[in-house]
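**Q** Listed here are the chains, written in short residue letters.
Protein chains: 2
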Amino acid sequence: MALTLHEIEIARERISPHILQTPILRLNTLDKRLGCEVFAKLECMQITGSFKLRGALNKILSLTQAERKRGIVATSSGNHGKAIAYAAKMLGVKATVVLPYTAAKIKVDTIREWGAEIVQCDASERFECAERVCREQSATLVPPFNDETVMAGQGTAALEIMEQCPELSAIIVPASGGGLIGGIATAIKTVAPQVLVYGAEPAALPRYSASLKAGKPVPVEKKDTIADGLIAQIPGSICFPYVAAHTDAFAGVEEEYILKGMKLLLLEGKILCEPSSGIGIGAVLQGLLPVKRTDKVCFFISGGSVSLEQLRILEGIAL
Amino acid sequence: MALTLHEIEIARERISPHILQTPILRLNTLDKRLGCEVFAKLECMQITGSFKLRGALNKILSLTQAERKRGIVATSSGNHGKAIAYAAKMLGVKATVVLPYTAAKIKVDTIREWGAEIVQCDASERFECAERVCREQSATLVPPFNDETVMAGQGTAALEIMEQCPELSAIIVPASGGGLIGGIATAIKTVAPQVLVYGAEPAALPRYSASLKAGKPVPVEKKDTIADGLIAQIPGSICFPYVAAHTDAFAGVEEEYILKGMKLLLLEGKILCEPSSGIGIGAVLQGLLPVKRTDKVCFFISGGSVSLEQLRILEGIAL
Numbered sequence: 001m002a003l004t005l006h007e008i009e010i011a012r013e014r015i016s017p018h019i020l021q022t023p024i025l026r027l028n029t030l031d032k033r034l035g036c037e038v039f040a041k042l043e044c045m046q047i048t049g050s051f052k053l054r055g056a057l058n059k060i061l062s063l064t065q066a067e068r069k070r071g072i073v074a075t076s077s078g079n080h081g082k083a084i085a086y087a088a089k090m091l092g093v094k095a096t097v098v099l100p101y102t103a104a105k106i107k108v109d110t111i112r113e114w115g116a117e118i119v120q121c122d123a124s125e126r127f128e129c130a131e132r133v134c135r136e137q138s139a140t141l142v143p144p145f146n147d148e149t150v151m152a153g154q155g156t157a158a159l160e161i162m163e164q165c166p167e168l169s170a171i172i173v174p175a176s177g178g179g180l181i182g183g184i185a186t187a188i189k190t191v192a193p194q195v196l197v198y199g200a201e202p203a204a205l206p207r208y209s210a211s212l213k214a215g216k217p218v219p220v221e222k223k224d225t226i227a228d229g230l231i232a233q234i235p236g237s238i239c240f241p242y243v244a245a246h247t248d249a250f251a252g253v254e255e256e257y258i259l260k261g262m263k264l265l266l267l268e269g270k271i272l273c274e275p276s277s278g279i280g281i282g283a284v285l286q287g288l289l290p291v292k293r294t295d296k297v298c299f300f301i302s303g304g305s306v307s308l309e310q311l312r313i314l315e316g317i318a319l
Numbered sequence: 001m002a003l004t005l006h007e008i009e010i011a012r013e014r015i016s017p018h019i020l021q022t023p024i025l026r027l028n029t030l031d032k033r034l035g036c037e038v039f040a041k042l043e044c045m046q047i048t049g050s051f052k053l054r055g056a057l058n059k060i061l062s063l064t065q066a067e068r069k070r071g072i073v074a075t076s077s078g079n080h081g082k083a084i085a086y087a088a089k090m091l092g093v094k095a096t097v098v099l100p101y102t103a104a105k106i107k108v109d110t111i112r113e114w115g116a117e118i119v120q121c122d123a124s125e126r127f128e129c130a131e132r133v134c135r136e137q138s139a140t141l142v143p144p145f146n147d148e149t150v151m152a153g154q155g156t157a158a159l160e161i162m163e164q165c166p167e168l169s170a171i172i173v174p175a176s177g178g179g180l181i182g183g184i185a186t187a188i189k190t191v192a193p194q195v196l197v198y199g200a201e202p203a204a205l206p207r208y209s210a211s212l213k214a215g216k217p218v219p220v221e222k223k224d225t226i227a228d229g230l231i232a233q234i235p236g237s238i239c240f241p242y243v244a245a246h247t248d249a250f251a252g253v254e255e256e257y258i259l260k261g262m263k264l265l266l267l268e269g270k271i272l273c274e275p276s277s278g279i280g281i282g283a284v285l286q287g288l289l290p291v292k293r294t295d296k297v298c299f300f301i302s303g304g305s306v307s308l309e310q311l312r313i314l315e316g317i318a319l
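Sequence lines, in order, name chains X and Y. For the first sequence, the residue numbers in the numbering used here are 1 to 319. For the second sequence, the residue numbers in the numbering used here are 1 to 319.
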């Protein structure tokens, strides 16, 4: 299938009984610092705490009854894993999540609590392990981003945004493999082509900036980032063409500015997000994206998976 | 003047060009824990970070030109002080805020940054000092709660709430001297008498529970509470009759549950509030207020004045 507005609209009909239409808030208190009229789409308030539920649900609901009966498999210890576990349990589908032995116990417990079976293996073997589980159970692998049905699910958030706030000038979206921004950008540029779509990725992992320059997905060196949801080293091969066709610019955001964005949203906006979701605000704070005083800019707050202990890192960050 | 719906409606016209209509959010993710349909009125997102701006603005805008010219005085280092400083500066009125020498430097600096002059004195003398400043400058004292014009300003939030969410069953309001809950309850019981209005106060300082029992304002023993915005030892003499006439019940919330409420709102609701504003959720978590699965309950989130360092106290609180 090709990802089109039609697919995203069908996805929306399919998943809307099972998800929340998350709010979009006008955050006036951030305008002065960011130099534009600030809006935030709060997917951190989505069930399971992130937008990932949209794609996971669209994928599972697109399976045949026979496929659903055989179950699904995923390999994420983060928001995708939680979404898979919750969606599968709600729909009565067996889910297996393959995790490395090194995964934090709290994450493993969370995935299990959301309702999935856990299989653990060495980190280096987790994709082979997931494929083996798929073969053994004749189950379907649900990839975190490199899949048009998953992308269509993520794109449903864009349809909500344009209904909630049709006068937007721009949307800034955190980017990793490209499932979210690919879905969002495809929807936006079809229903509201005048709206600019910007991607924000860690400066440490500039996979989209590099790949767009090269005209094809190229890998970047593995590096650490505080944005633990944005660690892809290469754009998804399926995502890349959509992102290349439908986005206006990318910003590579320094670690410090990712945290500044998260801290500003928390202390001035009163919204808790995970580090990966602070990156859009960080991009503007770092001066990387051209926003004007009268622009209505929507920051896509992709998730809220963060612990109190993790917030301590913000104490040393200057605003 | 007597506080009536009419006064609150006039207050709304007067202050609405200068304040934000804060959002009310449906927080589905909290329903299961709280046993009702959860709504939150987010005055933590108000300019200056709390509802206090409403009353301060209504008071200043009610002064004659001559009175405004002579300036205003207040004695709060907290949300009321910030609101006074901001409102006065915006309206071109001179504001003096009297603070004890013991006030935290960060609070003194904040009030000064918001635009007020600071006069410092011994804590025990601050009310006399404020009166002296008023006499010397022929200025007007703006009390934090015990004043019908201030109460009318706070009550404007109730008119917004009932327009934003007319189907509510109940509203739970943090209570200290009674300015906020007095204004809210007076408005609600006039425009929507079927809506229950509950007050939540620290169990350590049960001034309303005790006073309602006695039929008149009686003082309670001075005790510490983490809810630093709710420290009145006695109801305001002007507030009390309105609160007595228009509220349905009060809950005395244990310190631990105040913090549980704040933590639940932050981690599950993704909203940052100050401890005083967690008290309504705490009251329900502690089982003190009768809410049912199908009730639409609005928690009044009065303010968001909290530092990252203060959040550490939540780490040890079990949810």
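Treat the hints as calculated values from the structure; they're not laboratory data. None of these values were measured; they are calculated from a predicted model. Please note that the accuracy of each hint is not assured.
You can't tell identical chains apart in this list, so a pair holds if it fits in one copy or across any two.
What the hints assert, rightly or not - In silico DSS-like cross-links for lysine-lysine, where the CA-CA straight-line distance does not exceed 25 Å:
hint : residue 1 : residue 2
1    : 107       : 32
2    : 189       : 216
3    : 32        : 89
**Q** Pop the pair residue 107 and residue 32 into one bin, within, between, both or neither, using alpha-carbon distances up to 25 Å.
**A** This pair counts as between: shortest inter-copy Cα distance 22 Å, intra-copy 37 Å.
**Q** When no copy is specified for residue 32 and residue 89, does a C-alpha distance of 25 Å or less occur within a copy, between copies, both, or neither?
**A** between (44 Å within a copy, 17 Å between copies)
**Q** For the identical chains here, do residue 189 and residue 216 meet the 25 Å Cα criterion within one copy, between copies, both, or neither?
**A** within (21 Å within a copy, 64 Å between copies)
Taken one by one, the earlier hints all hold for this structure without exception.
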